[in-house]
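Trainee: Residue strings, one per chain:
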Amino acid sequence: MTTMQVAKYKGIPKGLEGDRAVAEAMRQMNPDVVAAYPITPQTEIVMRFSDFVANGEVDTEFIAVESEHAAMSSCIGAAAAGGRVQTATSGAGMALMWEVLWVATGSRLPIVMHAVNRSLSSPLNIHCDHSDTMGMRDAGWVHIFDENVQEAYDNAIQMVRIAEHPDVMLPALHALDGFIIGHSVERLETLPDQAVKEFIGTYKPKYSLLDVEHPATFGPMDLPDYFSEHKRQQAEAIQNALDIIVQVGKDFGELSGRPYGLMEGYCLDDADYVLVALGSTAGTSKVAVDMMRDSGVKAGLLKIRCFRPFPHKMVSEVLGKRKVIGVLDRSISFGAQTGPLCLEVIASFFTHGCYPKVVNYVYGLGGRDIVPTQICEMYKELVEIDKKGITGPVQRFFGVRD
Amino acid sequence: MALKGWHEILIGGMITDVGNSIDYKTGDWRSYRPIWDDKKCNNCKVCWVYCPDGSIVVKDGVMIGVDLDYCKGCGICAQECPQKAIKMMEETKLREAVK
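Residue numbers (the working numbering), protein chains in the order written: chain A, 2 to 403; chain B, 8 to 106.
Excised from the complex, chain B in its bound form (with noise of 0.2 Å):
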């Protein structure tokens, strides 16, 4: 998004385009990823009830990933799990592992 000047936009940081925080990708605040694991998860979805982000993506009633463009990494639905399906694990270590 290209940032604009003093003059385009509305005063005292009013917004009138509602619903534009899906323009905003928190993911980069993450510093632990959720690790789903599909063989464990029996698609209770609690993950998706609790998520604060709604970074839970959720197509036709069935689990099937995390919004890693949005998911901040607070780590409440790996704590929620019943199953134990969704394990933290550090972002800098997942990037290590790749490299």
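For reference, chain A alone in the conformation it holds in the complex (with noise of 0.2 Å):
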């Protein structure tokens, strides 16, 4: 969400949590098909819709499966069939769909994914970090991130107009942080039902099993001699949905008044030191943004809403002569030299020719929580980092006790 503007329809005030929000966005969608299976902290999506389903408040057809596995292929099955399809699911639950989450990206049907991030085990853990879906982002879905309630309800929408486009026609998650946004009652503003009815449209797939007029055979067996070329149109398709989040998102600010871009500065105009993060911590630092300026240092913060695709060129063009830049990830890669974000963040620097100084904060694995006092420790680093004028280690371990 960047500025406010005239909103073609009038908010609705609402005190909800996010994952209530996202259900909400869900009974104003009225899917044709609903395929999950409940995992914390994600459960509460699909509780609080399949009440909707038992209440005939929606008309869609909802499938009680008996994994996560089963429903990403019930999604697949269902969106091949030409309905209009969404699922929900966090951590573990996300990891088991793996294989799936492949088919359908390859197989190019726009499903939407409701993902509320949940750590990996083991060791075992329910809460928020960003390990789930950074765990799938090289398996071609469309890849937003949430900052609050508000968002989540927003984004949600705003995913199916993204996935459908027929520029695009790949299946797309937003990601929610689980409990901090997930289970946290926030004030959001929701549309009436028929702006949202209005703003999705009507699906119409090119191509469908139930078109017997016109027979089409969806996933076949590719072999080396076409394989290739599907890869290319899928690597295409996600590379023109960047003008479409944007497209989609300008038409969402005029329906409501909160038009959505790919990111999101805040004080960046003059900012030398630069956080970069995704989810509810961009929030966070926004408050820890307005300390610093309190205090002289010229701190900014840039908010990536779309990791995938990720906007290179942009993150180059925004924050390539600052001085010093702090990446925030919330997930390990694993023998990487940074976390994932960061690891985008700094070739979208190298192939842009811009050469800033550039540190790695992994921090709130778990679930830990982070807060805007910690975030200022960080500006202050980068202060510090500016002054002595060496970067020092590039992965930090932000708030682990030695």
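Heads up, some of the hints might be wrong.
Stated by the list, open to error - Straight-line distance between alpha carbons at most 27 Å, and here's what the computed BS3-like set of lysine-lysine pairs gives:
id	chain 1	residue 1	chain 2	residue 2
1	A	Lys232	B	Lys11
2	B	Lys46	B	Lys94
3	B	Lys46	B	Lys91
4	B	Lys79	B	Lys32
5	B	Lys11	A	Lys207
6	A	Lys389	A	Lys287
7	A	Lys11	A	Lys198
8	B	Lys32	A	Lys232
9	A	Lys299	A	Lys287
Said to hold, decoys possible - Derived Cβ-Cβ restraints for the label pairs, each shown as a range:
id	chain 1	residue 1	chain 2	residue 2	range
10	A	Asp244	B	Leu10	27 to 33 Å
11	A	Asp226	B	Lys52	33 to 39 Å
12	A	Thr203	B	Asp60	39 to 45 Å
13	B	Gly12	A	Met222	16 to 22 Å
To be verified - Listed next, the stretches of chain A that the computed footprint assigns to chain B, with coverage defined by at least 3 CB atoms under 8 Å from CB atoms of chain B:
id	region
14	99-112
15	213-224
Keep in mind that the hints were calculated from the coordinates and are not lab data. Virtual Cβ for every residue (Gly too), placed ideally from N, Cα, C.
With the hints in hand, could you dock these two chains into one complex?
Mentor: Listed below in structure tokens is the structure:
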């Protein structure tokens, strides 16, 4: 969400947890099929949504499956049959979907997933980090992060338009931080049912298994003579999503007064020291930026909303000339130099010919709290790096006891 | 068949020209070839029933041979033939015999 603008529809103020806000968006979208399995901290989405189904408030066929592998497989079948299809999952559940996540993208089925971020075992932990969705980052899904409950609601609705766009035709997920957004009650404004219905329109698939007049085979065997060409199409489609995400975010702004882009800057124009963050931490960081600005430090924040496709050109343009950059990763890419977000940021700089000093903060694993004063410590480190002129270790495990 | 570029094909490997498997000749997968002895054959057509690839050629109700463009050499026909009229021979040995 960037700046407020005049809305076509007056919002309806509510107090909802992130999970319930997503379920509310799903009710308004009225998908043809939802196939899901309960898992903490996503359970409330399907729990609440199945109430809507039981009460006849939606027309959705709800498939209570025996596992997440079956959930995603059912979604694939229903999407190939021409339905508008959604699911929700977290952590280990997403991991169990792994094989079929790739089938969804390779078959070019615009399934929408509401992903509530949870760490991956072991050791067992139900709380938030980004290991689950980062683990599937190369599966080809459009991948957007929500900052708060309002964005969880807004992005849930936008995902449908992005996924189903003829130039994209890929599954899309939006990720909300487990518990931090999923289970926290915040004020948000929802749209009238009719507005959501108009915004997402009717899905008219070009091909479907149920169109017996035009029979089609989905997901056939593809040998070395064509597999590369189909993957090349997929690579093009996810790049196409960059423009579509911006267009859909603009349209959503006209509807709701809350336009969206690929990223959002906070106090960025004159900032020398910039942190880059995903999800709820971006919101926390805004408070830290204000605190740093009060003490005279030119601090700024870049929130990445769209992680896949990664807006590398824009990141390099916005950040390339800053003094020191700190990138916050809520997951580890074991054995890599940095976490997954920082790898993307550094690669963006390199390919576009800019070389600011960059450090990577791994933080908040397994749901460990991150608060504004801690983020201020990071800003102070960035200032220190600038003063000394020495970057030091690139990856830093923030707040981990020695 | 000329191979097409990525702009020219449907997304997701989708197939809309129904029945196009005829364009894909699977005979070159074969490592064993069915050799049919028409003297032993009593034309019961059990092989025709069992062949998973429709490679037993029948004309006017009579078995006339095997379509080697599609036969993968699975050997089911030879296994099922009540007259033992089909036997499987290694392609490499057949080729050597030709030389």
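Trainee: Run the structure past the numbered hints and jot down the numbers of the failing ones, going up.
Mentor: none
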